[in-house]
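Number of protein chains: 2
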Amino acid sequence: MKLSESFFYTLRENAKDEESTSGNLLVRSGMIKKTSNGVYMIMPMGHRVLKKVENIVREEMDRTGAQELLMPALILEEVYEKSGRREAFGSNMFALKDRYQKNYVLGPTHEELFAVAASMNGASYKSFPYNLYQIQTKYRDETRPRYGLIRVREFIMKDAYSFDTDLEGLHTSYMKMFNAYKACFDRMGLNYKIVKADTGAMGGLLSEEFQAICEIGEDTVVQCEGCDFSSNLEITEVIDTSEVSDEAELAMNEVETPHAKTIDEVAAFFNKTADSFVKTLIYKVDGEFVAFLLKGNRELNETKALKLLQANEIELAAFDDVERITKAAVGFAGPVGLGIKIVMDREVAKMKNFIVGANKTNYHIENVNLKDFKADLVADVACVQAGDVCPCCGKKLVFTKGIEVGNTFKLGTKYAQTMGLNYLDANNKLNPVVMGSYGIGLERCMAAIAEQHNDEHGLIWPKSVAPFQVALVIVSMKDEAQKKAAAELYEQLSAAGFEVLLDDRDERPGVKFKDMDLVGIPCRITLGRKLGEGLVEFKMRDEAEGFDVELSKVIDEVKNRF
Amino acid sequence: MKLSESFFYTLRENAKDEESTSGNLLVRSGMIKKTSNGVYMIMPMGHRVLKKVENIVREEMDRTGAQELLMPALILEEVYEKSGRREAFGSNMFALKDRYQKNYVLGPTHEELFAVAASMNGASYKSFPYNLYQIQTKYRDETRPRYGLIRVREFIMKDAYSFDTDLEGLHTSYMKMFNAYKACFDRMGLNYKIVKADTGAMGGLLSEEFQAICEIGEDTVVQCEGCDFSSNLEITEVIDTSEVSDEAELAMNEVETPHAKTIDEVAAFFNKTADSFVKTLIYKVDGEFVAFLLKGNRELNETKALKLLQANEIELAAFDDVERITKAAVGFAGPVGLGIKIVMDREVAKMKNFIVGANKTNYHIENVNLKDFKADLVADVACVQAGDVCPCCGKKLVFTKGIEVGNTFKLGTKYAQTMGLNYLDANNKLNPVVMGSYGIGLERCMAAIAEQHNDEHGLIWPKSVAPFQVALVIVSMKDEAQKKAAAELYEQLSAAGFEVLLDDRDERPGVKFKDMDLVGIPCRITLGRKLGEGLVEFKMRDEAEGFDVELSKVIDEVKNRF
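Those protein sequence lines, which keep their order, are chains A and B. Our numbering applies: residue -19 is where the first sequence begins, and numbers increase by one. Our numbering applies: residue -19 is where the second sequence begins, and numbers increase by one.
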């Protein structure tokens, strides 16, 4: 592509409304442009990258024998009501009415329609297994879209669905997809970890996530420093190695604790460590208020809490609700005499003589024991922390942050049962079909690659997804020899199958170098003053220094590098 | 693809809810499946066709130097308010609110956002011309979706937009697209006509449509039997060759005409031809009632009427409105003493002593003349009819029906002006950018091809868009020699670059032949009894008879045919 004849732009200034490196660089390099909250245009330069990501995914899907199709995004709301997911998605689904007042939603994921599609293939067990996929636009009305293309409201997803007659078949289909996913992310140049995760609103038997390791990742990837255990923080079990304390249970004692509201302040007041306290957190769970009791140094794991209570939505109670329930200022909640459901973390069950809020402003109670209040449920509802014990080997857990770029689910028969997808077995008996579901977010992959591959000058695309492989920079558009040599190289490299960006704009060389660095083309060839000696500068974007190459050997050098 | 290992189905019965041949055959051949009114799944077999159509379009766009990008479908409503099109689209746009009650629409076409995108490229006249396109999903809440994929509510469109500094540049850009469109439709094997059309809600200077000729087409393509004039019915001018009558104007005379309401009945009563009558049609135009006067043998052209009155919506007035306005039963409306706006077709202006309704049940008035009532406007608002005079050469017009598969617009500066897209000319003066807009509906192309290429056995895909080029049918899956030969042919043909469908199902040969005919694979090779003599049957889908070919010469025969 010749820049002088093309649509091309970059921005000098950082984007004001992008909090992530990838978001900022993708905007500045002219790859994307925000149109509304969490909705972007993929501009021509960015579209070239997105297409490469898409092609990698399509190739790997086709290699497994999966068959591509295309579902609508406009789906009757009743489809999700039938599967029981309308409520689970709640306001994350965009909902609308058509001109005849019929209720529709924009599909956030397509398990239901694929189950309907699969029913066309007949019911004989002989017609299994198979795998259907699409590369299609999804809609999710996120509460807080952010980080450029990482959390958006409209995005392209490759979603595949496997159909089998039994769990053994599902496992085979699952592993095919699992391996295809590894091939996809390897080819994209992503540094990623695979972790076990919560099955969430999807339901099912197993969920694994492909997490691209990034500081801004919204998921915490838990790994073991000893074994190959890895898991999403949200489902990692807290291994409680403490013993039940054998100290004698003392009598409760109300203590005035002015100005001490946070655990740290209260600990300082009592001169004890945080794990002598039990904190009482009041949440609203599907509309009901619930108190969670946790050791002072722990945080509530909302995923575990939702699963335990079989609920869809959880949020911290509003301040005025807390004050109404505890009849005290915020910061003094405690289990003694509290009139709402209490869920106690199982670590708390081993504690004795702990300190809690008194449900009375400026007061705490010390020497509280289990007999002093009634917990409705006792379970593991705490988040693991770095340094906790590995559930597999007992060594220590370490944390990194990840962006979920792909996920794989063993769904089992959940959707087949709700959508009525059955097969006839060899004995002519009806059984529900066993499904798997497999997703990759394409824009998110693009963003994760950008997040992992950049420096202070801009993006550094891996060769597999770069918008162009080679940039040809003409230093002076007044120099006919440079222009002629560039035109010849452009033809030769293009003929050899390379995608070449010819920077033949009437701009200063500094502007051109900056732009090519910002856009992140892997290989830059500069035709400048040394052309008189038959030399051009050859520079790889991911190497610090360039070097001179004889004009006649440039093509070979490029071939060597790709 | 081996059918024994794939998702594949066909339906024996005609689809109950498909009124078109293409809709029925696409459903029956397992290419599409309806999910709701005007919304379809594109199933795997259909997706292969759709991808070929898409690839043809993308190749032809890329060949012109147009650059691909991708816009969202979820667009702030205010974007279309800014351009003034929100009202024009009306309830044809799907509208929704996000979780924060912000108003969005699903984009029906993207002139506005492309104008925004183009503004990124800087304002110098030197950065022009360029052309941007996308292949993206559009949403239109049609009143009456119908004919399978021909009129749907969610569909993929290739929409391209050209950006120039002047009309001369626009014409060059326009012709590039125009020629690319011809290449697209030629490659798809479509029989089509190019006609001038109304610019409608798009606005602009010129609109041309690519009409695939089909009986079920919703557009009337007007052509001349003498010259190469062609036009959409909706804009074709009625050439009035009649002279002003020189007969004396007689006095009006009210006549009782019991049981005569329609023009035919009244004509019979008066024993005159329809062109002695003037019919009075009452319409509601953007909420206001308007009477249109037309020669008895003419129909109102609603497009001309809308344009004349600069209105968005037109519909026949309801019966009770007509009765209230005329103070008579429906069928007796006339211009004399009518209290609403009157638009008179210019043919009527030359008539004398004509017959009209009396605005009185069971009465007409004869000998009416222009002096007897007041027309507010006189204009060409009638539809041309077959046999009318060609506006170019005076020969006769003939009609065919067409499906609009593509359109091209010279938009001019309309969108640049409303969206603020300007450029700086050589004198540093700001001017609005000159745009063109070019659309192709991909599913509609697929449907139009199916509508033109079929017979009583099913679809007959042109080679360029067929889901597979070759079907290999094994007559008996119990015959090892047949299976072995088929497996070898499958490998050889695949290696030679052909897409091969191997029908290795355990089904009767009749079922297999029927399925391959229904799906419409261009070339079928059958391995049956004659394999012992080294022969296979070779049959092209679009030829009546097959013939035997030596096994060793099959690959050459296939190559010859493609």
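Fair warning: there could be bad hints in the mix.
If several chains are the same, the list does not tell them apart, and a pair holds so long as it fits within one copy or across any two.
[Stated by the list, open to error] Heads up, simulated DSSO-like pairs for lysine-lysine below, C-alpha to C-alpha not over 30 Å straight-line:
1. 409 <-> 458
2. 106 <-> 492
3. -18 <-> 162
4. 494 <-> 330
5. 510 <-> 14
6. 106 <-> 458
7. 173 <-> 106
8. 519 <-> 330
9. 14 <-> 77
Think of the hints as simulated: they come from the structure by calculation, not from any bench.
Taking the hints in turn, this is what the structure says about them:
Only between protomers do residue 409 and residue 458 lie at most 30 Å apart by alpha-carbon distance; the minimum there is 27 Å, versus 80 Å within a single protomer. In this assembly of identical chains, the alpha carbons of residue 106 and residue 492 lie at most 30 Å apart only when taken from different copies (17 Å versus 61 Å within one copy). For the homomeric pair residue -18 and residue 162, the shortest alpha-carbon distance between copies (26 Å) is at most 30 Å, but the shortest distance inside one copy (36 Å) is not. Within a single copy, residue 494 and residue 330 get their C-alpha atoms no closer than 62 Å, and across copies no closer than 73 Å, so neither meets the 30 Å cut-off.
Taking the closest pair of Cα atoms, residue 510 and residue 14 never come within 30 Å of each other, the shortest separation being 42 Å inside a single copy and 65 Å across copies. Only between protomers do residue 106 and residue 458 lie at most 30 Å apart by alpha-carbon distance; the minimum there is 17 Å, versus 71 Å within a single protomer. Within a single copy, residue 173 and residue 106 get their C-alpha atoms no closer than 37 Å, and across copies no closer than 48 Å, so neither meets the 30 Å cut-off. Within a single copy, residue 519 and residue 330 get their C-alpha atoms no closer than 63 Å, and across copies no closer than 80 Å, so neither meets the 30 Å cut-off.
In this homomeric assembly, residue 14 and residue 77 come within 30 Å of each other (Cα to Cα) both inside a single copy, at 26 Å, and across copies, at 19 Å.
Figure legend: structure checked against the earlier numbered hints; hints not met, in rising order: 4, 5, 7, 8.
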